[in-house]
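Colleague: Numbers 26 to 360, taken from the working numbering, label the letters of the sequence shown in order.
Please note that a few of the clues may not be correct.
Heads up, simulated DSS-like pairs for lysine-lysine below, C-alpha to C-alpha not over 25 Å straight-line [to be verified]:
# : residue 1 : residue 2
1 : Lys300    : Lys248
2 : Lys206    : Lys140
3 : Lys94     : Lys60
4 : Lys146    : Lys86
Bear in mind the hints are in silico, worked out from the structure with no lab data behind them.
Every value quoted in this text rests on a predicted model; they were computed, and no experiment measured them.
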Amino acid sequence: MSGITTDSASNNKKAFEDYTCIPCFGHNLHLAVNKALDINRVSAVLSRLRKTISAFTRSPKLSRQLTKKQKDLSSPDYKLIHDEPTRWNSSYDMVERFLEQQQVVCAILAEDRKKWHLMPKDSDITVLETVKAVLEPLSPFTDALSREKHTTLSSVLPLLWKIFECLSHEQSDSALAKEMKEKIHEYLQHRYDDLQLRFLLNTATYLDPRFKNSFVSLKDDVKQSLLDEVKKMGNEKEGIASRVSGGLSSKEVRPSKKSKNHLKFLLSTIQGEKKEKGEPASSSQAPLSASDEINGEFLVYDQMPEVSAEDDPLIWWKTNIGTLPQLSEFASKYL
Numbered sequence: 026m027s028g029i030t031t032d033s034a035s036n037n038k039k040a041f042e043d044y045t046c047i048p049c050f051g052h053n054l055h056l057a058v059n060k061a062l063d064i065n066r067v068s069a070v071l072s073r074l075r076k077t078i079s080a081f082t083r084s085p086k087l088s089r090q091l092t093k094k095q096k097d098l099s100s101p102d103y104k105l106i107h108d109e110p111t112r113w114n115s116s117y118d119m120v121e122r123f124l125e126q127q128q129v130v131c132a133i134l135a136e137d138r139k140k141w142h143l144m145p146k147d148s149d150i151t152v153l154e155t156v157k158a159v160l161e162p163l164s165p166f167t168d169a170l171s172r173e174k175h176t177t178l179s180s181v182l183p184l185l186w187k188i189f190e191c192l193s194h195e196q197s198d199s200a201l202a203k204e205m206k207e208k209i210h211e212y213l214q215h216r217y218d219d220l221q222l223r224f225l226l227n228t229a230t231y232l233d234p235r236f237k238n239s240f241v242s243l244k245d246d247v248k249q250s251l252l253d254e255v256k257k258m259g260n261e262k263e264g265i266a267s268r269v270s271g272g273l274s275s276k277e278v279r280p281s282k283k284s285k286n287h288l289k290f291l292l293s294t295i296q297g298e299k300k301e302k303g304e305p306a307s308s309s310q311a312p313l314s315a316s317d318e319i320n321g322e323f324l325v326y327d328q329m330p331e332v333s334a335e336d337d338p339l340i341w342w343k344t345n346i347g348t349l350p351q352l353s354e355f356a357s358k359y360l
C-alpha cells in the first residue's frame, strides 16, 4: 500500500502515522467552505433561516399551506430543505431552495401576524443571494473524488486549479463575497501547502497522461526523484515489467459503463479551460540528459500528446508498458 486517505482528525493521523497520509479532498473542501459560512454576518442569517425552515418542516399546517400557495403562484412543488452540519453543500441546497421558494414562503408568513418574526429581512435576502453566488460554482466538486474504482489522486491539482479560478475576485463582488472567497481560498491553500503533499500530488498529476505538465509546478523535482528511485531499485527491467503487469491488472482498470462520469465531465471541462488559458507550468523546462533509460522515457512521454479527460489513465499505461516500462511502474504506484 503506497498511502492512505483520511480526514484531518488527529486520531486518524496518529493511527496511520507509518503511512503516507493524503488528506480527503471532500473533507478539506467542507472545512474550507465552513470558514466562509462561519463569518458572523453569514452564520447569523443562516441561523434565522433554519428557524424559518424548521417552522414549515415541523408544522403540518404550514406544510399544507406551502403546497397550496405553490399551486396558487404556479411555483414548483418542492419541499424546503434543512441543512445538516456534516455536508456544506446541504447549506447551499437549503439557501438555493429557499430563494427559489421565497415568494411562496413570504406570502404565507405575511398572512399570519404570529409568524412575522420568521419573515426574512431584505438584508438577510441579500446575504443569502451572496452565499448562493459564491457557493454555486463549488457545488459540483463536493463528491468529485469520492470514488473507489477511478484514479483520483492525480485529479486533485486540476480540481484545485479550477476552484481557485472560481474564487478569483470579480469587479461586481460585494465586500461579503470577497471575504467569503478569501476565507475558502486561504484555508485550501493552507491545507495543500505542505511540501511533501505537494510533491506527491505533482508526481501523480505528471504521471497522468490526461494532464502531464498542465497543472504541475514541480516537474523537474518530480523527474529527479523518479530517476533517483530507479537507481535505488537497481533498474532491473524484468522485475519492473512483472511488477507493472501485476500493478496494472485488467481487473483494476476495467472500464466503467459508457455513461458520462461526473468526475470525467468535470476534468474534461477543466482540461479545456486550462489549455485556453495557455498558462505555462511554473517549473523550468531544462531537458534532462537522455543517457539514462528513464530519461529517455521522460523525453518520449513528454512528447506524447495528452489524452482526453474521458480516458482511463490506468488503461493508457497498461497499453504503453512496452514503450514506457519504468514510468508505467511509477504510474501503478502513484495513480
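Colleague: Each hint needs a verdict: does it hold in this structure or not?
Modeller: Status of the hints after comparison with the structure:
Under the criterion of a C-alpha separation no larger than 25 Å, the hint pairing Lys300 with Lys248 is consistent with the structure, at around 23 Å. Of the pairs offered as hints, the one joining Lys206 and Lys140 is violated, with about 34 Å between alpha carbons and a cut-off of 25 Å exceeded. The suggested pairing of Lys94 with Lys60 is violated, with an alpha-carbon distance near 36 Å, which exceeds 25 Å. For the hint pairing Lys146 with Lys86, the CA-to-CA distance comes to about 23 Å; that is within 25 Å, so the pair holds.
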